[in-house]
Each structure stands twice: as C-alpha cells, then as structure tokens.
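Q: Residue-level listing of the chains:
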Amino acid sequence: MEVCGRDAQVKLLTGLLGQEGTLMPSSVFLHGHSGTGKTLVARHVLQCLGVLMSHINCIEVYCPQVLFEAVLSQLTGSVPSLTTGQSSSISCDSLGEFVHHLATVSHTLGQPRMAIMLEHSERLRDCAANILPGLCRLQELTPDVNITVIFMSTLSLEKFRISTGFMEPLVVHFPQYSKDELLKILEKLRPPTTSEEFFKNYISLVLSVFYHATRDLAELMHQVQQHFEVYREPVVQGEVEEDDVRRLWRNIEPHLKKAMSTVYLREVSRTHYDKMQKLIETNTKDLLPSESIGLDSFSSKTAMVELPLYSRYLLVAAHLASYNPARTDRRFFMKHHGKQRKTQASIKAKERCSSHLVGPKSFPLDRLMAIFYSIVEEEITPTASLFTQLSTLLSLQLLIPSGGDDALQNPKYKCVAPHEVVHSVCKSINFDLSRYTYGQA
Amino acid sequence: MVIQQRYQTSSVTITWDELYNGAKLGDLIGVFAFKRQRQSKSKNGPRVSTLDYWSQALEWGEEGEAFKELTYRNYTRCWTIASDILQELQDNIHSRVFQSLITYIDRAGRKLTSLTVAPDLPSSLVHSLASVPTACLVTGVNMPDRDATFDSLVGLLRASVTPHVARLQSKECSTLRAAMYKMISQLIGGGGWATLEDDEEEEVVMAGPKVKRRQCTMAVLSVWYREQLSTGEEDPGHTKSPIKATQSPRKRAYPSSPRKKPFPGSPSKLSRSPVKRALSGSPSKTERDPQEVEGSPRKKIKSSIISQLPERSSKPPLVVILEDLESFHPRVLSDLVLICSEYRQAVPIVLVFGVATTPDKVHQSLSHNASACLAMEVFRAEPSTHYLTRVIEKVLMSTKLPFHLGGRPFKLLLDIFLYNDLSVENFIKGLKVCMMEHFMGHASSVLCCPAANRPALLRNVTSAQLDLVRKLPSFKTFVEAAPPKEQVALLLDDSHTKEVILSLLDKVDVWYARFCVLVKVVNALTNRIPGAPLGRQVREVLAVCLSRPLVDTEEFQEAEKGVRNMAREELLTVLQNVLDVLKEHHGEDKVLSELLNEVSLLMGRLSSMDQLTQTEEEEEEEEASADGSGGAAVTLGPSDRFRLREKLLEMAKKKPKKSSKYESLRSEVVHFLSDTFTSHLQPPTSQPLHEVLFFHSSQAVKRQLVGLPRPALTTALANPHHYLQCKCCQLEEPSSLVTSLPDLSVAYKLHLECGRLINLYDWLQAFVSVVGQEDEEDESSARSKKIDEKLQARFVLAVSELQFLGFIKPTKRKTDHVARLTWGAC
Ligand SMILES: Nc1ncnc2c1ncn2[C@@H]1O[C@H](COP(=O)(O)OP(=O)(O)OP(=O)(O)O)[C@@H](O)[C@H]1O
Ligand SMILES: [Mg+2]
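Sequence lines, in order, name chains A and B.
With my numbering, the residue at position 309 of the first sequence is 309, and numbering never jumps.
Just remember that my numbering sits 441 ahead of the position in the second sequence, which is counted from 1.
Note that these hints are calculated values from the structure, not bench results.
Just so it is clear, CB atoms sit at the ideal spot from N, CA and C, and this is done for glycine as well.
Among these hints, one or two may not hold up.
List time: in silico SDA-like cross-link candidates among lysine to any residue, alpha-carbon distance up to 20 Å [as the list claims (entries may be wrong)]:
#, chain 1, residue 1, chain 2, residue 2
1, A, Lys414, A, Glu378
2, B, Lys852, B, Ser1127
3, B, Lys1250, B, Leu1154
4, B, Lys852, A, Ile380
5, B, Lys852, A, Gln226
6, A, Lys412, B, Ser768
7, A, Lys414, A, Asp329
8, B, Lys1250, A, Asp366
9, B, Lys1250, A, Pro364
10, B, Lys552, B, Tyr784
11, A, Lys179, A, Met260
12, B, Lys870, B, Arg831
13, A, Lys414, B, His770
14, A, Lys412, A, Pro325
15, B, Lys917, B, Ser885
16, B, Lys835, B, Glu529
17, B, Lys1143, A, Glu378
18, B, Lys852, A, Glu378
19, A, Lys414, B, Ser768
20, A, Lys258, A, Glu239
21, B, Lys552, A, Gln225
22, B, Lys612, A, Ser391
23, A, Lys414, A, Leu357
24, B, Lys1250, A, Asn410
25, B, Lys1143, A, Phe387
26, A, Lys427, B, Leu859
27, A, Lys179, A, Ala8
28, A, Lys427, B, Gly976
29, A, Lys414, A, Leu394
30, B, Lys1250, A, Pro411
31, A, Lys414, B, Gln805
32, B, Lys1250, A, Arg367
33, B, Lys612, A, Pro382
34, B, Lys873, B, Ser885
35, A, Lys258, A, Val209
36, B, Lys1143, A, Gln225
37, B, Lys1143, A, Pro382
Output of the computed footprint for chain A on chain B, the stretches with three or more beta carbons under 8 Å from beta carbons of chain A [to be verified]:
#, stretch
38, 765–774
39, 905–918
40, 1147–1155
My request is simple: use the sequences and hints to build the entire structure.
A: Below, the structure written as structure tokens:
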C-alpha cells in the first residue's frame, strides 16, 4: 500500500538510513499515536532501500530469547518448526550469543544491510535489564555488521530513558493526521466499482460524525467499511440519485449516530444474549419471596448478575462496608443507637461528597460479616458455603483483596462492583440501599 | 471454596463415598497436619469400591452381610437409573446455546481461513477482518457446573468444527509466558482433551507432538498450521470423508486429526509417543462405556448439531477457550488478544470467553486497543435455575426412579441451591448423598427397587427381614386399621404379608405418579396469581406438598382467594393450562382421566357462559339504545344529572345479577379442584410403607452437605479420635484428658478451664503435668521445679497454633497472660 501524506517522514528516514554502502545509524526511534503510519513508513522505506528486515512485535517477547530467535530466523529466512527438529533453527539465550550469531549470519549472507523493526518497543523496558541498552548499541557490539534497530512506540522517548546505558537514538515523530489527510487516506478504501465523487461524499459524512469521537485511523477505517453498504443501498435500489447528498445523509444519519455509541466495541450482536437474559430476569423474580417489582425498573439490563441469595446480601454488605465510614455502622445497623449529635451535621456535609468520590475503602472480614448478619434478617449459621460464596465473589472480581497486613488472620477486602450491579442486586432482594448509605439516609 | 479446592487438589480424589464414611470434614479443613493413610492408586491394584465402605448404621447380627449386599445392590440400581437420566439432561441442557455458538464459530472460522489461504487480498478486505472473532459465553456464577459445560462444548467442537481446541484457565495463566505455553502446547499437542474425561488416563493427554516450552511462539504455531494444511491436502481422505456423524462422531475424533500419520521425516521419537498413545487410548474408551452405543443421547445431540453444519472445512480454525475470564490478569488477557490479532492472517484463531457475570466485563478488563481487536458475539448459557427445574422434573418427579425425596431433604437441597451456590452439580451430589443415606441407614430400603424387580426380591426376603418391615410405623398404623382377622394374618403369615406389601408398594407408586401430576396442576393453576403465594415454579409447590397437606396451608388459602378473584378470561386461560398439563401426563391413571374430563366440562360451561353473557350484554345494549340514552356514553350536562344518577343505579342493580352466574360457576371450579387436592395431595407420610421409598431424615444428610467449619474445629480439638480414628485417643468422656492426645488438643482443653485472661505459666504447669505423666516414674525425683525444655517447646508450639486458629491472642493488659477469644467450656 502506498503512503500518502507522510512525505516528510519518508524523506527523513531515507536520509537517516543512507544509501547502499554507507553505515546505518545504530538506532532510530519512531513515535506517534497508533495508526499514524509508523509501521507503514518504515516498511516502505526499508523496502525501497533494499534492506533486509525482521519485524518483531514486542508484546510477544516475554523473554529476550524469543526476540533473538525470531530476529535470527527472519533474517536467515529459515522457518522455526517442530518437524525440522531443534538443531536447524538457531537457539540463542543471551545477548552475547545473539551478537555472535548476527556476525555469522551477516557473514554468510554477504554483509547485507539489515534492520530490526520493533513494534510496541515500550514493552522491552519490562523484559530484561540489558536488552534495551544492548539493542541501542547493537552497532557498537557488532563491528562488521551493518545493522540498525528501528524502535516504534506510541510513547515518547522520555519514557525510555530510565534504563542505564541507554543511548539516544535518532528520533522521528509522526504527528496525528489532520482531517484533510485522513480524508485522503480513507479515500483509498474506495471499492473499484463506485465513483470517486460518491465515495468522497461518503467519507466526509462519516468523518464529520466520527471525527470528534476518534481520530484513530484503524477505527475510522472500520467504520467506513461498516456503513458503506447501508449508505449505498438507496442508490443500488434506485431510489436516490448518486449525487443527492442530502437525502443520502438523512438516510444514514440515524445509523451513524447509533454506531457512535459503540466506537471501539465491536460486538457483532447480542440477540441471543438478550433473549436469555430476559428469561433470567423473570426467573430471578420468581426465585425470591419478595413482592414483584416492575421489570422496567431494571435500569440497564446488562447490569443484571445471577447470584445466589446469600451472595447478593454479601455483595450489598460489602458495598456498604466500602462506602460507609466504620463509625457510622452503629447508627445504621443497630436497633437502638442513641441520638445523633447535631454537631455532626456540618462534618457530614463535608464527608458526603468525599465518600463516593474517593472510591471504595477497604474493610476487614469481621465487619463485612457483622453487616451481613444484620441485613439478612433471619438467623444463619456461618457455614462453609457462606465463605465459599465470599471467595466466589472474589474470583468474579466483584470484591478484591486489599492490603491488610495479615491475610490469614484479618483479611481485608474492597468492593469494586459497579454501582449499577449493586443497585440491581438490591432491587432483586428488595433492599433499600439508600436507607443504609451514609450521606443519603 | 476452601473445601472444594482441597477436594480437587488432593493428590487422590476423594470421592463423596469416602467423604461420607472415612474422610470427614476436618480432614479437609486441616486442623491437624496428620496424613490419612491412603491406598496407593496403582492401576492394577484392586479398586476401592463403595461397597467396602458400605457400613450399616443398624445392627442386624448375622443378617448384616446379606443386608449390606441387598441395600448396596438397590442403591447401585437406583443411582444408575438417576445418573442415566442426568447424563441425558446434561447433554441436552445447553444444546440450544451450543448450536448457535458452534455455528458462529464455524462461520467465523471459515471467514478467517479464507483470508489465511490467500494473503494477497486487496488491503481493504484485509482490514475488514482486522478483528479476532470472539464468542462470549455468559455462564452464570455456578462455578462447579462450569467444567461440565466446557467439557461438552469441547467435545462438540472436536466432533464438528475443528480438532484443535485449547482450554485456558486463569490459574495456569498467571503470566503471558505461561498462557502462551498452555495455548500453543494444547493446540499443537491437540486431541488430548478428548481423552481427559477419565482422569486415570491423564497421561494420554498429549496426543500430538510434544512441544518444548521454549518453542512456544506464535511463529512456530503459524508454521505448524501451514504444515497441517499441506499434509491435509496431500491426504484428502480424512478431511473430505463424508460426514457420517450420525453413526460415529466419537470415532472421527482421532482419524480426522491430521496427525494420524507421523509427519514426513519426523524424528522417530516423535512418532513413538503420540501416535501409539492415541491408538491405545481409543479402544479402551470403547470398552469402558459400552452403553454408549448407537443412539445414546450424547450422540444424538452431537449429530443433530453437526448435521446442521456444512461439511467440516479442510482448514479448520483454532479455537482457544478462556474459561474464567474474570480471573485472568487484565494485562495477560490484553496481550493474548493483541497477539492473536497480530497473527490472524497466519493462524485463524477464534476465541471463546467464558464469563460468569456480564459481557461488559470483557471490555472492562481489556485495554482499549485490545478490545478494538475483538469482534464479539455474546451468548447466554441456559441459566442454572432452568436446569434445576428440569432435573427436578425428570429425576425427582419421575416414576422410573423408585427412590424419592421427602419434604425436608428436598427443602434442604433446594435451600442450598438457591441460597448458596446455584450449582446443579452440587444439587446432584446432595441427591446422591441422600440416596446413600437412605439405603445405608434404613433397613426397609431393602425393598426399594424398581417395581419390576420387586416380586423376585420379596420372594427371597427372610422372615427376620420381614419383621423389620412390620416394625415400620406406617405399617403398624396400617395393621391397626385393618380388621382383626387380617391383623393376625399380617403379623404372622409371611407369605400373606409379602403379598400385601407388594400391593401396598405398587399403590404408593401409583399414588406418587398422581401426586406429581397434581403438583404440576397446582402450579399451572396458581403461578399467575399476583404475588404468587405458592411460588411460580413447580419446585416451590412440590416443596410445600411434600411436607404438608396442601389444602391446609396458608399459602394455598391465599392462592385460592386469588383464583376466586380471577376474571373470566383469566380463569379460562389458567384452566386451559391445567388441561394441557393433564392431557400430557394423565397416562392410565383413572383419577386423572376423570379430572381431565371434569375440567374440560367446566371449561365448556365457562366458555358457553361467555357466549351467554355476551348475548345478554347485547340484549341489554339494545335495551339501552332503545332507551335512547346511547349506551354507556352518557353526556354530562347540568340538566342530565338526574338521569345519570338513575342510569347508574340501574346499572348497579344489573351488575351483581349478571356476574353472580359466573361467580357461582367459579366457586364450583374452586371447590371441585380443592376437593381433588384434599384427597390426593396429602404428604407422602400419609401413605403406608412410605418409609421404604421416601427419604425423610434431613438431619442426617445436613451434616454431610453443609460444612460447618467451627463445630468441626471444636470437635477436632475436643475429641481428636473423631477424625484421627486412632486407638490412642479414645475417650470415655468428651471432656476427659489423656496423655496420648495431641498437644494442641491438650492445650485446648486446658484453656477451656480458664477465664478471660490465661496465665501462661499456670497453663504450662498444667500442660506439663498432663503430658509429662508418661515418664513420671523414672525421673519424678529429678523433676522438681525445672521443666523439661522439650515439653516447653511443645507447649509453645501448641499455644501458637491455638493463636493461629483464633482461640487466643496476646494481650498487653497483664504480663505473661494471653486473652481468650471464645467463651464457655464446650
Ligand atoms: N499515510 C498513510 N497512507 C495510507 N495508509 C495509511 C497511512 N497511514 C496509516 N495508514 C493505514 O493505517 C494502518 C495502520 O498504520 P500503521 O500500522 O503504520 O500504524 P502504526 O503507527 O504502526 O500503529 P501502531 O502504533 O498501532 O503500530 C495501515 O495499515 C494503513 O492501512
Ligand atoms: Mg505499528
């Protein structure tokens, strides 16, 4: 795919790498947002210059050895495989070995110019201490090899300077595309059967809707492809002329507006899910002895979680323990809690905003159980399955363990369940949450 | 969770049978660090069967052995019947979701592979496939059931879509490295999971080439996949083979995997392990489950799904299942997704996420750019409450199974399900425990067997055994109600008694069948009533009916009131539902057929009344229009007021007259139905010989089913013999102290005698005086004031263990004292 609108970067990179026969810079650093064409430009330039390249995605590099072996096998063109046996593919564990192998590879191939392209190179910082400095200075380490390392990242160079022995690479910045440039690039997606003018109109319509939500090229491309069929339909049907932009716009507008809410969320459909979810909701209502509540009151259907009865109470108790200050427990959960002193009113006002802004606080297990026993009105014995439910909630990430100096004797937790989930759970057990919540009662 | 985890991780799987008999809860919770002696589990060694543990709670002298045999045989019979039904349910329960899920995976796989094969597509097309197809299966929080669900999903996938399936669990995937290894080794080494159904063959798992840990990179995977394709094309026999799934999907699992023959030029060691193992695995499988021949339910569902799909493509996708998405580390998850999307052109991976809560969780745990790489479709597995309903209907309310649950055990199991875990698997385990308890603890269960076997069984019953039956309370009352001559015969004449027993048992069977149908009728009648006093589910009605006479309950009275308030249309639809239930189930039962006739008669009258009143209404309307006021449309003008009042009065007069006809019919319906219920919906305890077929003692199973950590702990400390089963710790009296008790137990018992604060030195003295008794004779003189260091060390250890268990804690209030955290001397 040809590059458009990146002439400056292409020229700069070509200049940096130089012509055949010259020594390449030891490392180049390309940075810019995702989808700004770093990979595209680098590949394009390297191909034009005829440099032998290897392209590695650093997300996959969970240990240096993966990186080394991938680079070597890509440079030599050998395929790592199970069946050819381990002997033929090079095994390489350390930087030292890597340097050695590089020299032999370069020698056997006739000293070509080589490049290592590292996608998502910020991941290398967590990999091994010596790997980032080592790659920066690969040129120094391998005197007879003409090799360059091209780092690509969405982060800027400052974030890389933490490791010792880091050598400043040459930096090329890829700024965000402007609206016009985006238009030009997106136009390339035109299917060969449609006319240029028609597609251009379409692109500008899509861009006008989505430009405020995202400037990520990949996402825009996705949206362009998603909606083209719908856009074109009236024309194909013969209802609307190709150049009647206004009617076409009226036709597609609601469609695009709806798509706005799911930018980045590529859920194909959830018809099956919604159908079954309805079943459950009617079912949970039956499950409980409480009076029936209007189904519509479930504000968001997705917030509904199917939980056993005691788990629901545990979750609510955990929520209360997280958001209420411990000293108010007496007031909420004891039958006869003396009178409240007036002077607290002023303090309360201050805290009202804080408790929900600051987020959940951690609480000890004892407090959780105490609240639980007081909100479940009937008598329950602490059975093993009750504690099992606690650990189920933990594994569902509705609660998380939080600090606590002694995890065995006095474990502490925090309730991180979304508010909608807690609210829908409260509704299903007929529990008036606001009566027990500090700052709302 | 504690219990379950230990239950799984212990090197030898403890069966519930063992749990019941030997290994008690304390063993699992771990109060003492004593190891139970276990038989080494060698393959050739004799298998420990439940029969070895089959102890009788009652004493029968020399009859004991025979009883043991008989009850055990009955138990196995019953359990086989139940587990057959359950197996069928398990296979069918998710068929609807799996159908759509598998179709989706298949379609997505085809779309992906079409891309893989031709990598030089125009860029626009490439981009439209930028995302990894993902199926998000929302399973619900019932953790124990999840394994079974995914097992059957994997089985279906292998049979229909692709042999390459990997299952990842969060506990094995704490780092990206581990996750990649798990994924790639399972994909390449594939085929293994199919044999994992039996844990004994765990070693057979790897059926493909073994993969070295260091080799697990996506590059290797993509090369491997390309090779698979090329070998697949060379050998068109297996992929193109027409799918005869209806005949033997099981067989296809092996040959269809392209690894059937060793790779060309593969080193000999490769061909050694995998292929042989795979071959040795398959015959043993067919031997193992002979009942799984043609037409078994599992095959039926498989073939029904497979037949819906087009022929398996020659380029099968790779399916990666992440079973518990919530517990995955978000970073590992995001990386995994990014990698899959990076390589989507080389390897067609379809992801399946198992989500317990809501699908939104996926986007919450994924990073933004990773979730942009997913094309997700959401599926919802059958909620476990539905599954439970089916289990209750098919197993508990079935006439095939001679064993029935009584009111209290049923309520217990139901409560555990609804309040604690929503797990059908646990419900079934509970049912099994109840069954065992019934056959083990009740002598009369000798007679509890399928109706067909009963005559033969009764023929062999000895008179001593018969006496046991005669002693049953329900039989006694039956005898007392009989005429005196009959009484004598029943008590003395064995063969006569046998005949009577036989007929009584048959009667109970018929009665129970009718009972179950009527329970469904009650449910159909009452589940729409606002407030649903009897609940909306059959299980709730069943729970009530099993424990009390239905008509006397408050709930029923309320429901009756609800029916009495129903409008005509409502009543008609409800009666229609009742009719449907009856039509479906009435079978050969006379009472039910009669009921059916009666209900349809009543319905006929109701609907004809409908026409009647309609004509009446019309007449009235005509009358009204003849009046000239234009029906109900009365215009309100000041002059009309008087006439309006008149009109209203007139209407009010008419109304009661009109509806009273309907009302009387309605109350007739209600009367008729509640009469039926009064006579047939008595609890099982009203039937003679109900003890034989019904299990009532919930207390006995409660101990097994509901783990109580705290009582277990105190029992273990107060009476170690209970768990350790050793000779040395036997106590005549629970509070007595013996030297041979474990130190911890001695320290515990001593501390019970103290107040809130315990003086450590006094405690030590007491401890030494108990524990040191054994070597008192030889060195009593030497031991004056000085305390043996060894004893002191043991004491310190015991005290710190007590602190760890939460009985005491250090205090600063008094030096050399610790504070007690429990009260009383229990
Ligand atoms: N200047 C351009 N001309 C044409 N297409 C472009 C241009 N820039 C980006 N694209 C398109 O956007 C896609 C993404 O670009 P690219 O992979 O180079 O981004 P990137 O900067 O490497 O992103 P990331 O940081 O996520 O790796 C390309 O495949 C290409 O289709
Ligand atoms: Mg890139």
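Q: All the hints need checking, so say for each whether the structure fits it.
A: Now for the hints, and whether the structure bears them out:
1. A:Lys414 x A:Glu378: violated, 25 Å
2. B:Lys852 x B:Ser1127: holds, 19 Å
3. B:Lys1250 x B:Leu1154: holds, 17 Å
4. B:Lys852 x A:Ile380: Given pair B:Lys852, A:Ile380 holds - Cα atoms ~16 Å apart, limit 20 Å.
5. B:Lys852 x A:Gln226: Roughly 54 Å separates the two Cα atoms, so the pair is violated.
6. A:Lys412 x B:Ser768: Roughly 19 Å between the alpha carbons, so the hint for A:Lys412 and B:Ser768 holds.
7. A:Lys414 x A:Asp329: Within the cut-off at roughly 17 Å; holds.
8. B:Lys1250 x A:Asp366: holds, 16 Å
9. B:Lys1250 x A:Pro364: holds, 17 Å
10. B:Lys552 x B:Tyr784: holds, 15 Å
11. A:Lys179 x A:Met260: holds, 18 Å
12. B:Lys870 x B:Arg831: Holds: B:Lys870 and B:Arg831 sit about 16 Å apart, inside 20 Å.
13. A:Lys414 x B:His770: With a Cα-Cα distance of about 18 Å, the restraint between A:Lys414 and B:His770 holds, given a limit of 20 Å.
14. A:Lys412 x A:Pro325: Distance ~15 Å between A:Lys412 and A:Pro325 Cα, so the pair holds.
15. B:Lys917 x B:Ser885: holds, 14 Å
16. B:Lys835 x B:Glu529: holds, 10 Å
17. B:Lys1143 x A:Glu378: holds, 19 Å
18. B:Lys852 x A:Glu378: It holds: about 17 Å lies between the C-alpha atoms, which stays within 20 Å.
19. A:Lys414 x B:Ser768: holds, 16 Å
20. A:Lys258 x A:Glu239: With Cα atoms ~23 Å apart, A:Lys258 and A:Glu239 exceed 20 Å; violated.
21. B:Lys552 x A:Gln225: holds, 16 Å
22. B:Lys612 x A:Ser391: holds, 14 Å
23. A:Lys414 x A:Leu357: With a Cα-Cα distance of about 15 Å, the restraint between A:Lys414 and A:Leu357 holds, given a limit of 20 Å.
24. B:Lys1250 x A:Asn410: Holds. B:Lys1250 to A:Asn410 sits at ~13 Å (cutoff 20 Å).
25. B:Lys1143 x A:Phe387: holds, 17 Å
26. A:Lys427 x B:Leu859: With Cα atoms ~17 Å apart, A:Lys427 and B:Leu859 stay inside 20 Å; holds.
27. A:Lys179 x A:Ala8: Holds, at roughly 18 Å.
28. A:Lys427 x B:Gly976: holds, 19 Å
29. A:Lys414 x A:Leu394: holds, 10 Å
30. B:Lys1250 x A:Pro411: holds, 16 Å
31. A:Lys414 x B:Gln805: holds, 17 Å
32. B:Lys1250 x A:Arg367: Holds: B:Lys1250 and A:Arg367 sit about 19 Å apart, inside 20 Å.
33. B:Lys612 x A:Pro382: With Cα atoms ~28 Å apart, B:Lys612 and A:Pro382 exceed 20 Å; violated.
34. B:Lys873 x B:Ser885: holds, 18 Å
35. A:Lys258 x A:Val209: OK: A:Lys258 and A:Val209 at ~11 Å, within 20 Å.
36. B:Lys1143 x A:Gln225: The given pair, whose Cα atoms are some 61 Å apart, is violated under the 20 Å limit.
37. B:Lys1143 x A:Pro382: Distance of about 14 Å is within 20 Å: holds.
38. 765–774: Contact hint for the stretch 765–774 of chain B vs chain A: holds, 3 residues under 8 Å.
39. 905–918: That given contact is violated, which follows from only 0 residues of the stretch 905–918 of chain B lying within Cβ reach (below 8 Å) of chain A.
40. 1147–1155: Check passed, 5 qualifying residues.
Of the numbered hints given earlier, the model fails hints 1, 5, 20, 33, 36 and 39; all others are met.
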